[in-house]
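Enquirer: Based on these hints, arrange chain B on the given structure of chain A.
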Amino acid sequence: MTARLAVVIVCVARLASAGPAQDAIDNPTDTQLTLVAGLWHDDDLTPATGWHVYHFTPEADGPIAFQMRAAPGNRDLWSYLRIVDRSAHDQGWAGVGDRKTNLCEVIVEVVRGHHYDVITTSQQSAVLPRGKRQTARGRYTVAALPVHLAEPATTSAAP
Amino acid sequence: MGCAECVHGTWSKCRARRVRIANRRARSLVPDSVAAAPVLALVLTVAAAVLAPAAAADRVDAPTQQRRILRGTSQVAGELTGELGFPAYTYEVAHDGFVRIVLSTANLPDRPHDNGGRAWRPFLRVIGNPSGRRHGDGWSTNGQPGDPDVGRAALIVRVYAGDALTIVATVGQNMTHDRPDARARYTLAVTELAP
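Chains A and B, in that order, give the protein sequences.
Residues in the first sequence are numbered consecutively from 1171, following the working numbering.
Residues in the second sequence are numbered consecutively from 9, following the working numbering.
Just chain A, same shape as in the assembly:
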């Protein structure tokens, strides 16, 4: 009886010390937010929620610059973006921001009606070894911005 009680106490103590399970690359925290083209959204990354996923469904084909910006010099948050097109074999694009400006830009030629996951995290969390606790912390802002790309003029061969 005493032995069983001891086992129970140990288990409870371990659960209490472990704290809540952290989110991860394959288990990001769903913000339930849909990004609107051209508008910025502010948020925070914390050790408890180091991966945020937003949603974006374009209304037209064309290039979109997904941007994530954090405070320059914040060593706890080096902006990192991952875009996943769930409609197309999980095609993905990832980018890590400029260390000095802390601006990350991933440009994707999106397809109208496709659903894109826009995942924000920190570079440190993106390469976090399995089992390690993430330490990303800081305020950031994220947006999906339409951009114009001028295709080069095509030269037709003379007959």
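The hints are simulated quantities; they were obtained by calculation from the structure and are not laboratory data.
Glycine included, C-beta positions come from ideal geometry on N, C-alpha and C.
Mixed in with the good hints, there may be bad ones.
Unchecked claim - Here chain A is said to cover these stretches of chain B; the calculated rule only asks that three of the stretch's residues, wherever they fall, bring their Cβ under 8 Å from a Cβ of chain A:
1. 138 to 145
2. 163 to 175
3. 193 to 203
Expert: For chain B alone, coordinates are given in the frame of chain A:
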């Protein structure tokens, strides 16, 4: 999504300065006067083969730098092999604006049934070479496997004249093994776009 490493990579370990110049092989220990001492030569050859370390396979964080420089809008093609799984090219930006980098993959003509007869899914990585304007930025994509004949991956990056980027071309299959595993034909097309 497959292997997480395919998209996320290890940027912190990946710098242009770490790109190797060549995938060098160990030197042979066979003496010049082989005809004069055939037995000795044979022994030394076998010993060299046994004792010399095997050529280190390249990998995404240690790609094999190619001599060809891509300047402005340009294109290059090559072949992925067991020895060259991660060719890296330096692209020098000619104009301010954007660049679209497209990696296409196709099965080799003499190996049409590789990957079940479908083109290998490409994996494309681009790293901003450190400069006064670029500080550790980089991008990657795992491409689109939809077309059975051609795999296609594309990245668009904002660039400034005078910058340089390192482009690594490979296929997702090579990211899942210790050594390059897939053989394929690849084409890298770099197109500069005005803003």
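Enquirer: Next, verify each hint and record whether it holds.
Expert: Hint by hint, here is what the structure shows:
1. Residues of the region 138 to 145 of chain B with a Cβ under 8 Å from some Cβ of chain A number 4, which satisfies the need for three, so the listed coverage holds.
2. Counting residues of the region 163 to 175 of chain B whose CB lies closer than 8 Å to any CB of chain A gives 4, so the stated coverage by that chain holds, three being the minimum.
3. With 5 residues carrying a beta carbon less than 8 Å from a beta carbon of chain A, the region 193 to 203 of chain B meets the three-residue requirement, and the given coverage holds.
In summary, this structure violates none of the numbered hints.
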